[in-house]
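Chemist: Residue numbers (the numbering used here), protein chains in the order written: chain A, 1 to 89; chain B, 90 to 307.
Please note: incorrect hints may appear among the correct ones.
To be verified - Covered, in the sense of this in silico footprint (three residues per stretch, anywhere, with C-beta under 8 Å from a C-beta of chain B), are these stretches of chain A:
id	region
1	33 to 39
2	57 to 64
What the hints assert, rightly or not - A few chain B residues facing chain A, derived, Cβ under 10 Å:
id	residue
3	Y127
4	R170
5	T173
6	L251
7	N273
8	Y276
9	K277
10	A282
11	L286
12	L290
Treat the hints as calculated values from the structure; they're not laboratory data. Each residue gets a CB set at the ideal place from its N, CA and C atoms; glycine is no exception.
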Amino acid sequence: MTTGQDDPLRKLIDCIFVSHQDEAMDCESCGCQLECFAEKVSAGANLHDLWPDVEAHLACCPDCAEEFQALLCILRAERSGQLDTSAGR
Amino acid sequence: MTDRTNEQWLVDLTGSPEAQSPALEDLRERLQRGIFYYLSRERSDLTHLPAVELTRMAEDLAQDATLRVMDNLGSFRGDSRFTTWATKIAVRVAISDLRRARYKDFSLENMTAEGDLLPASAASITGSPEPGPEATTERADVMLKIQRALDEDLTERQRQALVAMALQGVPLEILAERMGTNRNALYKLIHDARRKLRAHLESEGLSTHYMLNLFEDR
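Extracted from the complex, chain B is given alone in its bound form (with noise of 0.2 Å):
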């Protein structure tokens, strides 16, 4: 595989057929080791497929990435190596592949389909001892104060926002699909919901540390 320079790429990229049929060629091969290297060696989820099936994911990852950074070239500012900046599209189209995959079943409808956001299973921190009666009825009180505010101090997006991501590891990236709008402008509503959370358990004496403490050292 050759070794180019930034300039050189743009320039076998978008030169004659001669020169930017190898120049493609080699980022796409390049690409696929890449992104062949972190299924096979970063994603805890994927241990269960064969070789084979990673080297074919990985085939079809890159080829995607390629066409999506010829798609790109104009956007490429020389501030990192070219070859850095095509494997961040490769990383993207790679995640963002798996994501949907992974929550293509997911709703919004179902997930607020029950009621309280809080579940059950949020009354304690799952391993910590058992509480004595004391602390159970001050975990009680402290979770009706989290229900509350998010209640009170967020709107319906927000709160479905906050929810999925936070309590169900929804990624931005899908929810901001099915909530119709786009991840940065998701992470906006979700950061402003963060603050007023956070505004008004501290305004009830609530910090980090006495939630942390209240829940996991008695």
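In isolation and in its complexed conformation, chain A is listed as follows (with noise of 0.2 Å):
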């Protein structure tokens, strides 16, 4: 069975009750912290275990949760020595 997760009215759904407390985090305050978040997850740090804040609000925000994984992806390939070879240069 198929779960439908580009289906617009799953969309809708999982927008309205994937919501977090009136309390947590928004997208400033995620922003201007997103190098530390990410450098501590590509260091092996678990973002629930230490940021359930970041990650509540990350679910709730897909430009800030795009921004954090591609931060996060060039992290890894920086330490795992990827980037070296890259063609980008």
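Two chains, each in its own frame: build the complex with the hints.
Modeler: Right, dumping it as structure tokens:
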């Protein structure tokens, strides 16, 4: 059975019910610390254990989530030496 | 490429031309490699582009990002490595550029011109088995409640923003520009809309579990 992740109604239901507490983080607070979170996660820290409020925000905010994942992938590539062989120079 | 401490990066980037010039070149090159890696490995929407085009994009974006880093040096707090902070800025420059290119023709007017916010395709979850008559009626009832909640509980701006983000996948950054606000304010507007809708639907006995079962299991 499919979960229909791309279905419009499923997206709307997820959007309505994936909601966090009022006091939780907004984009501004998340954005100004994004490098700290990404650096620690790339070194093996668990976002869910250390910063559940950040994890909750990323689940609700596709823009911040996209930027976090992009930064994380670059940091991981850097740690594994893959950036040194990147052709982008 | 020289490996610098945070302090050395700041000293060199703000120092004499003899120190600044190689530091700027090291920073730009580092950002370019990171951006190229992201464009070439993580962006499925760019796989059709040849490496030479991706390299050109990475060069341009790294140039812009380096200037942005220099403009914002004063806001680096030292909570991470300097290069991680600079890469965050580069990621934003690159993703913003890609978002703007992708949604350059998007307008709120076109989005809401059709009337009902929930499209006809929302009547079932794509790929699910065909529902029986009883389930079809139940789904139609739920659809009606969702549409009513959208119409009654949300302001026009909340409705526009929520539908554009949730149904059309429009980035908040693009929406905020079109709506004449900023991303943070828009996030809060949508967050408030979500809470209102959730409260409304739960008061009618519609939980996430119930709705997903309704649209998937029959």
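Chemist: Regarding the hint that K277(B) lies at the interface with chain A, is the smallest CB-CB distance below 10 Å?
Modeler: holds (6 Å)
Chemist: Within the assertion that chain B covers the region 57 to 64 of chain A, do at least three residues meet a Cβ-to-Cβ distance smaller than 8 Å?
Modeler: Per the Cβ count (4), the hint holds.
Chemist: How about the region 33 to 39 of chain A: do at least three of its residues have a C-beta closer than 8 Å to a C-beta of chain B?
Modeler: holds (count 6)
Chemist: Go through the hint on L251(B) and say holds or violated, using the shortest Cβ distance to chain A against 10 Å.
Modeler: holds (7 Å)
Chemist: Interface hint check: N273(B), Cβ to nearest Cβ on chain A, cutoff 10 Å. Holds or violated?
Modeler: holds (5 Å)
Chemist: At a threshold of 10 Å, is the proposed contact between L290(B) and chain A supported by beta-carbon distances?
Modeler: Given a least distance of 7 Å, the restraint on L290(B) holds.
Chemist: At a threshold of 10 Å, is the proposed contact between A282(B) and chain A supported by beta-carbon distances?
Modeler: The hint holds - A282(B) has a Cβ within 10 Å of chain A, the shortest such distance being about 9 Å.
Chemist: Identify whether the interface hint at L286(B) stands, where standing means a beta carbon of chain A within less than 10 Å of its own.
Modeler: Where the cut-off is 10 Å and the nearest Cβ of chain A is about 5 Å from L286(B), the hint holds.
Chemist: Would the hint on T173(B) be counted as holding, given a Cβ-Cβ threshold of 10 Å to chain A?
Modeler: holds (5 Å)
Chemist: Does the nearest C-beta of chain A fall within a distance shorter than 10 Å of the C-beta of Y276(B)?
Modeler: holds (5 Å)
Chemist: Just to be careful: measuring from the Cβ of R170(B) to every Cβ in chain A, is the smallest value less than 10 Å?
Modeler: holds (7 Å)
Chemist: Classify the hint on Y127(B) as holds or violated, based on whether any CB of chain A lies nearer than 10 Å to its CB.
Modeler: Since chain A brings a Cβ to about 5 Å from Y127(B), closer than 10 Å, the hint holds.
Violation of the numbered hints given earlier is absent; every hint is satisfied by the structure.
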